[in-house]
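> Chains A and B, in that order, are what the protein sequence lines are. Residue numbers for the first sequence follow my numbering, beginning at 598 and rising by one. Residue numbers for the second sequence follow my numbering, beginning at 598 and rising by one.
Since the hints were made in silico from the structure, they are not lab data. One or more hints might be untrue.
Derived DSSO-like pairs: lysine-lysine, alpha-carbon spacing no greater than 27 Å straight-line [unchecked claim]: (1) B:Lys919 x A:Lys919; (2) B:Lys941 x B:Lys870; (3) B:Lys870 x A:Lys919; (4) B:Lys870 x A:Lys827.
Covered by chain B, per the in silico footprint, the following chain A stretches (three or more residues, Cβ under 8 Å) [claimed, not checked]: (5) 702–708; (6) 719–732; (7) 798–808; (8) 813–826; (9) 888–900.
We put the beta carbon where it would ideally sit given N, CA and C, even for glycine.
2 protein chains.
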Amino acid sequence: MADFYTIRWLETGAVSMIDQRKLPRQVIYNQYQTAEAVAGAIQDMVIRGAPAIGAAAAFGLALVPWYSKNENPDLVLGEMEEAARILRKARPTAVNLSWAVERILQLARSARAPSRAALQGLVLEEAQRIAEEDVRVNLSLGKHAQQLIPDGAVIFHHCNTGSLATVDYGTALGAIRLAHEAGKKIFVYVDETRPRLQGARLTAWELLQYGVPFKVVPDSSSGHFMRTGKVDLCIVGADRVAANGDVANKIGTYNLAVVAREHQVPFYVAVPKSTIDLATPSGDQIEIEERPPEEVTHINSCQITPDNAPVGNPAFDITPAKFVTALITEEGIVRPPYPENLAKLFS
Amino acid sequence: MADFYTIRWLETGAVSMIDQRKLPRQVIYNQYQTAEAVAGAIQDMVIRGAPAIGAAAAFGLALVPWYSKNENPDLVLGEMEEAARILRKARPTAVNLSWAVERILQLARSARAPSRAALQGLVLEEAQRIAEEDVRVNLSLGKHAQQLIPDGAVIFHHCNTGSLATVDYGTALGAIRLAHEAGKKIFVYVDETRPRLQGARLTAWELLQYGVPFKVVPDSSSGHFMRTGKVDLCIVGADRVAANGDVANKIGTYNLAVVAREHQVPFYVAVPKSTIDLATPSGDQIEIEERPPEEVTHINSCQITPDNAPVGNPAFDITPAKFVTALITEEGIVRPPYPENLAKLFS
């Protein structure tokens, strides 16, 4: 286990999260006691990463019965439905958020808890289960990934998909960490991931702690390192995988996939099944969040651009399925054709 | 003309340059009175851009006879040869630097000036000629480019190739500016260009002054904007073009070229003939400068990465000729096959 945690329920009735906006310079944990505050933390990227924001939303909903002044469980459920609306809107692209919210709500609706206290217990238990499952799922996914990571592999990685993007262990970075712990002599190119610099700030911070050899490089250098023969494979995570295998992930994933294919470098996407959304037919139906211009114009408090420079800041992009060599899930490797093989995965 | 200048000879015997490290927050001009100091300014990127550093090297050499204590022109020439060695080493990738140094030295060697003062006059005149030619060449290149820029074009641009990268007007950005001044309703995606952010800092600053509509976007978003049908063409500059048409340019150029080809978006490289080096057979012979890690770990004074994070910082990449739709030069458009057509351009 790492020497930090991403998100945890405190027995005093609070959700504690490491503030990822402050890493790596400061290691600070924030506490949240309302679902609205958790939604704000998701929106402001105190916590990010599809599986992590799923767990955050679940714990956020668990705060509602905990603090409700209503003793009638039906009224508490009504408060939870309202909180769910706010949580779902916090970020539109990752499917895990609405997946976790829906899972908690369905349980709460069907349980017919006799009291607020009973509902509180049920919901918190389910949120804890979501968090624990995430860790198990990541470990399983990471084990399946090992067949794709040869000893000595040089891996190109985008954004952060480690413990910080999940409850623990991580998806793509979890697989990388497992490879290192298994004694494989791997090396990781960590791209910076502008504009939020999740690679330079978070992935670098994690890999230093795990002792995995790496270099931080500019996002746009991936082609250079592939062309000069230095990269064996790419592994990234995802915020949503559509039924046809199209992948929504952090902006820059698509560029990486295109240059990888140009160099016949395998391009793997590591995702828990909860990130795969068969209800989304293709990437065309996935909303791409536009984030505030300040993420581009400023780094910490330093202004980069001239005053009044207009900015485009799409937070995600779509990588069409044809660029994806394989999906790595907790139940094994899924290869094309994705429409058929993803349907099988869920049947 | 823009309301600033990149480089200018001062009649008091100094080279004045706008400090591009400080833009856009501060507009400061530095003065240099020795060739060594000019070499330092090139190395530290006070001035950058292949044509601009060519002019800087020429003016740097003109400082030698100006301040020499020797009255014997042969001894002064010896000092110039020594200064030339230092200037050439300042940055290895752009060919304009050694091209300008060689041009000044050849004149100085062949002129057999009767005195230090005569040599001083000759050399300064040649340096001024290099600077004036650069402006003329850029205007001519920009006019030829117009046939490739339709009215209403949405253009993706990398790094800075404007007045700041040249003595005035610029190469790729000069062509863009001319299109705007001709009344074409163009729009420019300005990528940030990590790590030095020449796009976010310098190109944005220039385009605001020229009134050209644009947006600053992360480098890695180029594929997203092309895939969603928002880009009509790319124009970039170059630091060196090899005899076979391979292009050395700012890191990230290659990624942009690969995603452009994936989307059938034309990819143009705007270069003065002085950037084309027939003595370099292909991109494989071009040295790629590795710049200091601090360019990646820090932005202004803000540290991004954790302490001790290793960094890769290749300043340039090679775009193989097959990705280049056409080269735009002051003598017209050059299309494939480049080996034949570049040879013709110089014959």
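> Please verify whether Lys941 (chain B) and Lys870 (chain B) have alpha carbons no more than 27 Å apart.
Between Lys941 (chain B) and Lys870 (chain B) the Cα gap is close to 12 Å, so the pair holds against 27 Å.
> Using a Cβ cutoff of 8 Å, are there at least 3 residues of the segment 888–900 of chain A near chain B, or does the coverage claim fail?
Contact hint for the segment 888–900 of chain A vs chain B: holds, 7 residues under 8 Å.
> Count the residues of the segment 702–708 of chain A whose CB lies closer than 8 Å to any CB of chain B, then report whether that count reaches three.
Violated, because only 0 residues of the segment 702–708 of chain A bring their Cβ atoms closer than 8 Å to Cβ atoms of chain B.
> How does the coverage statement for the segment 798–808 of chain A fare against chain B, requiring three or more residues with Cβ below 8 Å from a Cβ of that chain?
Satisfied; 4 residues make the cut.
> With the threshold set at 27 Å, check whether the alpha-carbon distance from Lys870 (chain B) to Lys919 (chain A) stays at or below it.
violated, 40 Å
> Taking 8 Å as the Cβ threshold, is the statement that the segment 813–826 of chain A is covered by chain B upheld or broken by the three-residue rule?
As far as the segment 813–826 of chain A goes, the hint holds, because 11 residues have Cβ atoms under 8 Å from chain B.
> Hinted pair, alpha-carbon criterion (27 Å max): Lys870 (chain B), Lys827 (chain A). Please report holds or violated.
At roughly 33 Å apart (the allowed maximum being 27 Å), Lys827 (chain A) and Lys870 (chain B) break the hint.
> Quick check: the segment 719–732 of chain A, covered by chain B? Criterion 3+ residues, Cβ under 8 Å.
violated (count 0)
> Sort out whether Lys919 (chain A) lies within 27 Å of Lys919 (chain B), counting only the CA atoms.
Satisfied, since the Cα-Cα distance of roughly 23 Å is no more than 27 Å.
Hints 3, 4, 5 and 6 from the earlier list are contradicted by this structure; the remaining hints agree with it.
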